[in-house]
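S.K.: Chains as they are written, first to last, in the numbering used here: chain A, 1 to 447; chain B, 1 to 447; chain C, 1 to 447; chain D, 1 to 447.
Just so you know, the hints here were simulated from the structure itself, not pulled from any lab data.
Incorrect hints may appear among the rest.
Copies of one chain are not kept apart here, so a pair can be met inside one copy or by any two copies together.
As the list claims (entries may be wrong) - Straight-line C-alpha distance at most 25 Å; calculated SDA-like pairs for lysine to any residue:
(1) K117 / M155
(2) K336 / E346
(3) K77 / R444
(4) K424 / D223
(5) K424 / G408
(6) K424 / G203
(7) K117 / L343
(8) K115 / G429
The model shown is predicted, which means the values in this text are computed figures rather than measured ones.
Protein chains: 4
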Amino acid sequence: MTDRPAETVVAADLAVSALGECRVDSPLLPLLDTRQVSVNYVDESDRVLLDDTLSTLVAREGEGGPLGFEPGGPRRKIYFDPTKTRVGIVTCGGLCPGLNNVIRGLVMELTLHYKVKRIFGFRNGYQGFIARYGHPVVDLTPDVVRNIHEDGGTMLGTSRGSQDPEEIVDCLERMNINVLFVIGGDGSMRGAARIAEVAAARGERVAVVGIPKTIDNDIPYIDHSFGFQTAFGTAGETILAAKSEARSAPGGVGLVKLMGRHSGFIACYAALARNHADFVLIPEVPFDLDGPDGLLEQLRRRVEVAGNAVVVVAEGAGQEHFPSSENGSDASGNAKLRDVGVLLKERITEHFAGCGTELNLRYIDPSYTIRSVPANPYDSVYCLRLAHAAVHAAMAGRTAMVIGRWHGRFVHVPITLAVSGTNKVDPHGDLWMSVLEATGQPVRLTA
Amino acid sequence: MTDRPAETVVAADLAVSALGECRVDSPLLPLLDTRQVSVNYVDESDRVLLDDTLSTLVAREGEGGPLGFEPGGPRRKIYFDPTKTRVGIVTCGGLCPGLNNVIRGLVMELTLHYKVKRIFGFRNGYQGFIARYGHPVVDLTPDVVRNIHEDGGTMLGTSRGSQDPEEIVDCLERMNINVLFVIGGDGSMRGAARIAEVAAARGERVAVVGIPKTIDNDIPYIDHSFGFQTAFGTAGETILAAKSEARSAPGGVGLVKLMGRHSGFIACYAALARNHADFVLIPEVPFDLDGPDGLLEQLRRRVEVAGNAVVVVAEGAGQEHFPSSENGSDASGNAKLRDVGVLLKERITEHFAGCGTELNLRYIDPSYTIRSVPANPYDSVYCLRLAHAAVHAAMAGRTAMVIGRWHGRFVHVPITLAVSGTNKVDPHGDLWMSVLEATGQPVRLTA
Amino acid sequence: MTDRPAETVVAADLAVSALGECRVDSPLLPLLDTRQVSVNYVDESDRVLLDDTLSTLVAREGEGGPLGFEPGGPRRKIYFDPTKTRVGIVTCGGLCPGLNNVIRGLVMELTLHYKVKRIFGFRNGYQGFIARYGHPVVDLTPDVVRNIHEDGGTMLGTSRGSQDPEEIVDCLERMNINVLFVIGGDGSMRGAARIAEVAAARGERVAVVGIPKTIDNDIPYIDHSFGFQTAFGTAGETILAAKSEARSAPGGVGLVKLMGRHSGFIACYAALARNHADFVLIPEVPFDLDGPDGLLEQLRRRVEVAGNAVVVVAEGAGQEHFPSSENGSDASGNAKLRDVGVLLKERITEHFAGCGTELNLRYIDPSYTIRSVPANPYDSVYCLRLAHAAVHAAMAGRTAMVIGRWHGRFVHVPITLAVSGTNKVDPHGDLWMSVLEATGQPVRLTA
Amino acid sequence: MTDRPAETVVAADLAVSALGECRVDSPLLPLLDTRQVSVNYVDESDRVLLDDTLSTLVAREGEGGPLGFEPGGPRRKIYFDPTKTRVGIVTCGGLCPGLNNVIRGLVMELTLHYKVKRIFGFRNGYQGFIARYGHPVVDLTPDVVRNIHEDGGTMLGTSRGSQDPEEIVDCLERMNINVLFVIGGDGSMRGAARIAEVAAARGERVAVVGIPKTIDNDIPYIDHSFGFQTAFGTAGETILAAKSEARSAPGGVGLVKLMGRHSGFIACYAALARNHADFVLIPEVPFDLDGPDGLLEQLRRRVEVAGNAVVVVAEGAGQEHFPSSENGSDASGNAKLRDVGVLLKERITEHFAGCGTELNLRYIDPSYTIRSVPANPYDSVYCLRLAHAAVHAAMAGRTAMVIGRWHGRFVHVPITLAVSGTNKVDPHGDLWMSVLEATGQPVRLTA
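Please take these sequences and the hints and turn them into a complete structure.
M.R.: Given below as structure tokens:
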């Protein structure tokens with residue numbers, strides 16, 4: 001272990017911008033690789049370009065060169081002495097397939113590859129650091145985590161909401177923890193950044209590394225967030241069930257509400273995977289309910305022509321149809337959404353009744369059964385590799401960063417950048433166009 | 001085709017009782033088996049005993065011999081001339097895995113084995129016979145049905161509720177239909193019996209054969225009703241999701257409402273299949289909510305000790321906790337149930353709050369996604385064999401009966417018997433005992 | 001515990017025959033049921049009839065009354081004192097889905113319901129009792145077995161072949177084991193019977209209870225053996241793959257070899273489940289290869305007409321086509337089968353070449369991937385209930401018996417009866433007829 | 001349609017290199033978009049950079065600027081008049097999950113979006129263009145393809161091997177086909193390039209667009225080839241079965257041979273997905289069999305310590321252990337591989353026998369059951385989007401190119417570039433390192 005404090009260092013003299021420069025000062029300890037793996041150690045000045053479309057790149061050159069991320073991977077020299085390193089792991093926010101896989105991957109890599117001896121699991125999110133909640137700490141060893149990836153959920157428990165970063169750093173100090181892995185969403189990542197700040201301000205040598213979790217796939221600089229493929233695959237099964245229901249009754253309408261507060265990725269992918277949706281409604285594309293080209297009448301016509309229809313709606317879609325009022329926010333600080341599924345159910349029922357059209361509507365809201373399933377094979381591999389990259393980053397002294405995946409490469413993304421925006425479905429891009437073509441829904445559901 | 005009317009004939013001179021004697025007078029046409037299958041043709045006097053426990057059997061002997069069913073299977077002589085036979089198929093009531101498999105099996109067997117030329121599918125349940133609903137009739141051929149078993153639901157559509165049997169027989173007469181297969185629940189079977197009566201009263205030679213559908217597995221004389229295994233397997237996945245949710249939050253409680261109006265088979269089997277339920281509530285076993293031994297407090301204690309718990313409740317359970325009032329009944333004539341899931345959700349929330357115990361309750365009501373999945377391999381085989389048995393029965397002139405399965409044999413069960421009772425979980429039997437032992441729930445949840 | 005030796009007692013004065021009378025003398029200890037379960041304790045004179053077809057029954061009456069089995073289930077009084085009982089569990093023979101579920105069910109029921117304290121797992125079949133093999137004994141507790149049902153195979157390991165029953169009883173004596181559960185096939189059950197005999201001859205009070213394992217579903221008095229449904233469901237996936245292969249190439253033939261040494265149940269059910277087989281070959285139905293109506297030419301014609309075909313063959317089928325010679329037998333004492341899959345592959349290739357017919361044959365032999373999958377939901381429930389019944393039987397002092405399932409009831413079947421025959425597909429029964437009808441294959445593939 | 005011949009045009013004056021410049025001269029026809037989709041039409045000079053690591057990029061700048069691909073997507077103007085366009089589709093080479101999804105996606109997009117009227121499916125690969133094979137052409141309409149994605153394989157059939165491009169172009173001329181989609185591997189893509197050349201030489205206006213198929217994931221410039229995720233997920237099930245087998249017998253060794261002629265991606269991903277492999281052998285990493293650090297002895301030691309082990313071997317691995325001789329090549333022109341699975345089985349058996357170590361080896365070769373399964377949800381979406389991109393490219397007059405996916409963007413890759421190399425697992429990269437860490441296998445299996 002070094003005698004210098006951990007801090008976020010920006011290497012100002014690099015031609016590339018500061019993206020991915022989130023390290024704990026200079027590496028001191030060479031990694032004693034007992035397994036003699038001749039891996040390609042990552043060169044410290046390598047960068048993965050942020051934008052690789054030529055026109056953008058040319059424009060950037062006038063501004064000081066292209067933006068780039070620090071690639072992930074093992075370093076020739078590491079910062080922390082594994083024999084003395086004490087590690088904490090915490091999972092925060094809502095469930096997502098793959099949480100247990102990430103925990104397992106971290107523990108296996110720390111123990112078997114780096115020979116770290118002590119790993120603590122903090123229970124129920126940031127509450128686990130705060131004594132008054134009374135959640136006991138879990139010792140994490142290979143034996144404990146060996147089979148957890150076969151279960152959905154998280155063996156550590158989780159909770160929403162932030163806790164005082166000072167208290168959390170108190171806990172880290174008390175337990176002599178040098179490395180903290182935070183698996184959570186953007187709110188949790190902001191919390192992680194504050195923890196890193198507080199620790200740095202106190203002169204503590206602590207690496208705080210995030211693994212971004214977002215079942216909605218809406219965190220930028222991550223091709224597909226872990227669990228996303230599992231989630232939309234499971235959601236597709238629900239769409240299939242809705243179609244079976246709709247086809248089996250006169251005037252059958254299946255209405256499926258899926259996750260997606262700010263982005264409609266799950267709705268789009270699930271709809272394409274099964275090809276049974278007739279209308280897909282996402283937050284990125286506003287729609288009218290009323291009028292001859294509004295959803296209600298378009299849906300009614302589809303049912304009259306085809307005998308049935310399936311509507312897939314992301315939970316964040318159509319919020320413009322609620323009276324703007326004080327919705328407040330949940331414990332994670334997310335604005336509370338109004339229930340668009342229930343609204344649609346009511347309005348569809350009214351509209352069909354008003355037109356004298358027979359309706360058999362089945363409303364399916366499968367959220368819990370999607371987010372709590374075990375990871376599929378792809379996500380299993382992905383979570384494992386994310387965990388490996390996170391361990392390499394932390395052991396090399398990086399902090400206040402998350403592991404991203406950019407163009408097929410694992411990269412180090414500063415937390416500030418990772419929480420700076422929201423990844424959205426481009427209403428003019430090819431994903432949404434494929435949805436329009438596959439569903440045959442009108443381009444504009446507007447009056 | 002015979003010149004005598006179809007009617008239910010009871011062979012009074014048999015020592016066994018009349019169970020299974022539901023045939024259209026005497027068989028006239030030998031089956032011209034072009035495939036020369038040397039099957040074991042069923043002897044007309046064979047019976048499958050209704051009760052095979054010795055003590056019961058001995059008791060019965062004083063009353064005229066043991067009760068028995070007519071075994072299913074091909075007959076050496078058949079009643080209807082396949083070249084002239086016109087067949088109708090209808091599916092009624094709620095969805096159940098395997099409906100399409102049964103339709104497919106009927107059409108394939110009628111066409112390929114018996115060489116029947118015309119098969120009509122009536123759409124949306126009994127509505128399909130009534131012109132004013134405007135549902136067109138579907139021509140069913142091997143090409144049309146070849147792949148339908150890969151879909152859930154029913155390709156014919158379905159609806160609840162009865163229609164005037166006179167009008168239905170009018171339709172059958174108009175279309176010269178001799179054989180009608182009704183796939184539906186007990187209400188639909190009562191309708192089928194009335195159709196058979198009306199047809200007989202008019203002197204029409206029509207065989208009406210039912211294939212009993214009950215996702216709840218509650219029709220007597222059918223070991224497991226088709227779709228039941230698929231349903232409880234899918235329900236088990238939901239219990240697993242509920243457990244993952246419950247384990248992942250402080251004070252986690254998963255509450256899963258499953259099908260089961262009068263019987264708790266799905267709840268019991270799904271709970272045993274996954275072994276993650278802590279409490280199983282079924283209509284056959286009353287329970288108290290309040291008091292130290294009532295559900296609420298027992299659940300709270302379980303959560304305090306184990307950190308989480310899963311409650312599985314059949315929809316028909318706990319109806320005693322609602323004020324008895326005029327609930328009315330649905331279109332199928334079933335008494336409307338009050339929503340025990342919502343009641344439990346409210347009462348659990350109140351109780352935990354009152355005790356100051358942390359609670360994170362997830363309520364999952366997966367009904368549509370269970371009943372609309374495709375049949376699993378076992379149910380696929382079972383539906384196919386049921387369909388074969390139904391075709392054999394109809395072609396041999398049986399009517400006003402359903403295909404049952406009794407002790408591993410397909411049997412002919414008079415509709416009147418099939419709808420005479422409800423198959424229930426025996427609160428003193430080994431299934432319920434296995435549930436008690438596997439869950440560890442108290443034998444009596446009573447104050 | 002009694003002071004009288006365990007032995008197989010036949011209650012000669014019962015009107016019913018001796019089936020199921022395999023108990024350790026008189027029960028002495030009332031079951032101290034701390035959970036106060038008001039189950040229906042089974043009456044000692046109840047019997048489940050062996051044959052419930054009336055004609056057979058009447059015939060039997062002249063011979064001393066109908067044959068019956070002792071029903072399974074908990075007894076009001078038990079033979080062994082749970083606090084002093086020491087239990088052994090062993091799995092023998094080939095793998096089968098559900099082995100871990102049975103082990104888990106036994107341990108859970110013994111521990112949680114009967115409060116038995118010591119349960120030993122013997123490793124790798126009967127070798128585990130013999131010191132020179134050096135397999136350590138495993139302590140089985142609820143913690144050890146909690147999640148094993150999620151894995152295929154058996155956590156105890158298994159092996160083929162018998163061991164000296166004297167040595168095995170030596171081991172049981174040395175370890176003071178009173179109850180031994182043997183999970184295995186008919187060879188292993190014969191071994192279990194010999195162990196019971198040796199123990200009885202030595203005056204040891206040992207209950208030896210078998211849970212019959214046969215992936216082929218060929219043990220009599222067991223409706224469906226555990227794992228069978230899982231196995232044929234998995235096998236059906238292979239048939240689907242074979243069909244996809246066959247359809248995708250000119251002259252495509254998919255050839256799938258499935259389990260089934262003496263009986264073709266898996267082949268029949270798997271073929272019906274997926275409906276993609278064109279020929280099903282089972283041990284019960286001989287077939288010719290050559291001649292115009294033999295398999296080879298019939299297959300060639302099918303390929304010419306339909307473009308492709310799938311052949312499903314049980315491993316025990318067609319043995320008549322090998323020169324009768326000294327095949328020897330394997331370690332379990334089973335006669336070695338010649339490889340009918342390879343034979344068919346060669347002969348089909350020759351025949352098509354001789355006729356100048358294009359052939360693209362894909363031969364799939366999936367055995368290991370079928371027998372080693374985890375149990376499906378139905379088998380999971382079934383294994384659990386089998387285990388409960390086995391524990392009830394053993395604690396009540398039954399020995400030299402296996403748990404069977406007869407007409408929906410768990411029953412006690414003497415080992416001698418269980419190994420006395422082989423359950424086979426009836427070539428004149430409705431299962432085979434359904435196969436013929438579903439595949440459209442000729443009734444006789446004979447020259 | 002234009003009056004100028006189709007040819008591959010290289011826009012020499014662009015600063016970026018010629019990558020992706022494979023178009024039929026100048027676009028003439030504006031797309032009459034009846035659906036008024038305001039998609040982001042792709043600008044003709046956009047390029048997706050080929051290498052986005054900064055150091056590489058800087059180096060390239062001295063050589064004429066960074067290499068880039070033409071992005072995929074709809075063009076503002078198209079080359080072919082949809083009302084007159086006649087399209088051909090052919091699938092070539094081995095099976096791969098998703099073939100039917102691609103066919104379906106092409107037909108749906110051509111018909112519903114571009115309103116193309118005539119689409120022909122050529123059967124059984126390139127044979128379908130040659131009259132003497134006698135394969136009839138299939139008319140492809142939305143009705144025909146609606147459900148084909150639920151089946152594995154290819155509804156068009158496939159075959160290996162090339163056919164005379166002159167004869168193929170004869171066929172295209174005779175049928176007035178303007179657009180040809182070839183779904184196949186690198187051999188088939190070379191064939192497609194020759195077809196494009198011949199057509200251009202004859203002055204025919206034909207766009208030949210490839211959708212690269214490689215279950216091995218070894219075609220460059222395609223992040224993951226379609227079907228790859230489905231394939232490795234299915235392969236992972238086999239590894240699980242092998243582990244269950246290995247764990248269930250003394251000296252248990254599971255040996256699984258997977259696809260991978262030149263690259264070990266499936267072996268690596270499948271091993272990581274299930275985490276049950278102990279040794280992974282791929283073509284990219286040579287290994288010794290003999291010696292203390294060779295595979296055989298390392299495996300034996302693993303079995304002695306852990307009781308069992310699983311070996312996963314890609315079919316192209318270890319070819320150095322066969323005597324170099326004339327192996328010849330198959331109909332596709334691929335060098336014939338020797339069977340490394342059988343070799344390992346023999347050598348492992350010998351080695352264990354020589355050391356007196358007990359061995360129960362199960363060899364599993366699941367190839368057909370992996371490649372013929374239906375696409376999983378991810379691959380379903382991916383195939384649909386690939387098909388959309390291919391249709392956009394063809395309608396815009398691109399030819400002699402394939403649809404690639406580079407850094408999350410669909411791109412146009414010249415066939416010559418797509419077949420110029422083989423995508424391989426980097427033995428020094430993080431995928432292989434994750435495999436080493438997850439399996440714990442020695443870095444070098446060398447004597």
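S.K.: Indicate, hint by hint, whether the structure satisfies it.
M.R.: Here is how each hint holds up against the structure:
Taking the shortest Cα distances, K117 and M155 sit within 25 Å of each other inside one copy (20 Å), while across copies they are farther apart (29 Å). Within a single copy, K336 and E346 get their C-alpha atoms as close as 20 Å, and across copies as close as 21 Å, so both meet the 25 Å cut-off. Taking identical chains as interchangeable, the C-alpha atoms of K77 and R444 lie at most 25 Å apart only when they sit on different chains, with a minimum of 22 Å there against 56 Å within one chain. Taking the shortest alpha-carbon separations for K424 and D223, both the intra-copy value of 12 Å and the inter-copy value of 21 Å come in at or below 25 Å.
For the homomeric pair K424 and G408, the shortest alpha-carbon distances inside one copy (19 Å) and between copies (14 Å) are both at most 25 Å. Taking the closest pair of Cα atoms, K424 and G203 never come within 25 Å of each other, the shortest separation being 38 Å inside a single copy and 45 Å across copies. With identical chains, the CA atoms of K117 and L343 are never at most 25 Å apart, being 53 Å at best within one copy and 41 Å at best between copies. Within a single copy, K115 and G429 get their C-alpha atoms only as close as 46 Å, which misses the 25 Å cut-off; across copies the closest is 21 Å, which meets it.
Hints 6, 7 from the list above are not met by this structure, while the remaining hints are.
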